[in-house]
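Engineer: Sequence:
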Amino acid sequence: MNNATFAIFRNRNFTRMWIGQLISEMGASVTTLASSLYIYQITGSALNVGLMLMATVAPSPLIGLIAGVFVDRVDRKRILLVADMLLAGSVFAIPFLLPVNIIWLYVLVILTAALKQFYGPAHASVLAEIASEEELNAANSMMAIGYYLALIVGFTTAGWIVAELPIVWAFYINTATYLLSALAMYFVHVPAIPMEVESDIKSVYHNLRSGVNLIARTDVLRSLFLLFFPISLAAGYLDTLRLPFSLENLGATEFQYSFIESAGLIGVVIAGFFLARVGDRLREGQWLAISFIGYGLTSMIFSRLNNVPFAVILLALEGFIFAPSAIVQTVVIQRQTPREARGRVFSAFFVMRDTLYMAGTLIAGLADLVGPGVMYLAGGALVFLMGGLSLNLPGFQQSRAEWRRAITLLRTAPTVSTLGLGRRLYPSDFHRLGILIPAVAALPPEKQTRLQEMMTVYETPAGATIICKQEASDAAFFMLEGEAMAGREEDGEYRELEVLRAGDFFGEIAALTGLP
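If you count the sequence shown from 1, position 317 lands on 317 in the working numbering, and the numbers rise without skipping.
Among the hints, erroneous ones may be present.
Distance ranges between label pairs, derived from CB positions [what the hints assert, rightly or not]:
#1 N213 x L369: 38 to 44 angstroms
#2 S132 x D368: 47 to 53 angstroms
#3 A7 x N306: 41 to 47 angstroms
#4 P166 x E459: 50 to 56 angstroms
The hints are simulated quantities; they were obtained by calculation from the structure and are not laboratory data.
Note that the Cβ used here is the ideal one computed from N, Cα and C, for glycine as well.
Modelling step: build the complete structure from the supplied sequences, incorporating the hints.
Structural biologist: Here it is as structure tokens:
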């Protein structure tokens, strides 16, 4: 691990936001797992565990999209602060209402889930504001590391609480973590962005529709949205089935189950560090394919196990393989969506995810009839198939040559400067290019779209060689930022011919003529 991996923590606003998420998710995971274990202890039914997990996402179809419009129209930092305070209050009420009737546990879990419909899009949108575009991959990787570290600690703590202490301690701990999260967020500086002031029903509907239309007309966002339809469904019943499968098929205790869950999270954390360093070496579609195919295979193998130690090892591997899909999804949305529409787009994805997840928890109830092992095997097969499909979706398609080049980049760290694989051109990149070269901005929309599809962005370190004399190339190069030097060797010395800066371009003659 090198210092560059942790360079994002030099951004103080990111560090404060990261600490706040770590603390709040630690407490939230204690409540989530403790509640599920408590329900299973009382009822012994996978269906009732599914209903508890469903309660965590039930508000999404009702208020999720409206929450996204709200996030784009109100100060996002204020949303995060208010949400943390209200979350603390709702969780604090659970110990006092639980003795009255267990139904109150479901009601208050639904209330906290409703508040998170505002918190989630606001948090993801703020992250894209405090981290630069170059920092987004590392920022999201580190956020994922913090999130899953919190789950590891939270799940282990929840298992211990259910085994040794009254369950109310889980809710007191969660209350304190939400308050500490609000304190950390208070010191985060979020750049101001223009907010719309209209608030009538017609304008809300217009904003809601514009967010959905943006997804529909953007190839990458549309493909991502369609891909996560079945993935979210499978995740819903795989997460639900893991508890009864562990207790019945593996013979695990509640405390051992908390370690089984934590093993997968440890794998995700390790993968987060890995992705922070090499995440830009593969394109989004390649990461998704690798992640889903591997996740599906490990899930199918897990469904045939009957041994706790093997299950722990396999879930650690599964977590490592799963991590890229979660991180890539967030990075793609942040980069492909204009800043003023991120709340709506994130909410649309969250609503789809939670609705299908909820449906998956209900499907998991079939395990009471056919057994959790059979259902788990089917879920793994579905995820595996989606991994293969991702290779053929618009915006994610990759040629065999690109795959070979990508694997080479992953296997070996280059010893000399190289352009590497490059990444997709984002709307913000093309907008910047249009400012630097007005002729690009003046192109008809259909030609702009075609040009964007043909372009790749390379971020080169100082001293990297872009192209050499007598090297054939079919590419023209446009400078977005920084400097490049053209020169040649004469009598053993390097002679500078020209310095190129943002807005300059080169290689167009060789690209047009085919001559080196």
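Engineer: If a hint holds in the structure, say so; if it does not, say that too.
Structural biologist: Okay, the hints, checked on the actual structure:
Between N213 and L369 the Cβ separation comes to about 42 angstroms, which falls inside the hinted range of 38 to 44 angstroms. For S132 and D368, the hinted distance range of 47 to 53 angstroms is satisfied, since their beta carbons lie about 50 angstroms from each other. The supplied range of 41 to 47 angstroms is met by A7 and N306, whose beta-carbon atoms lie about 45 angstroms from each other. In this structure the hint that P166 and E459 lie 50 to 56 angstroms apart at CB holds, the actual value being about 53 angstroms.
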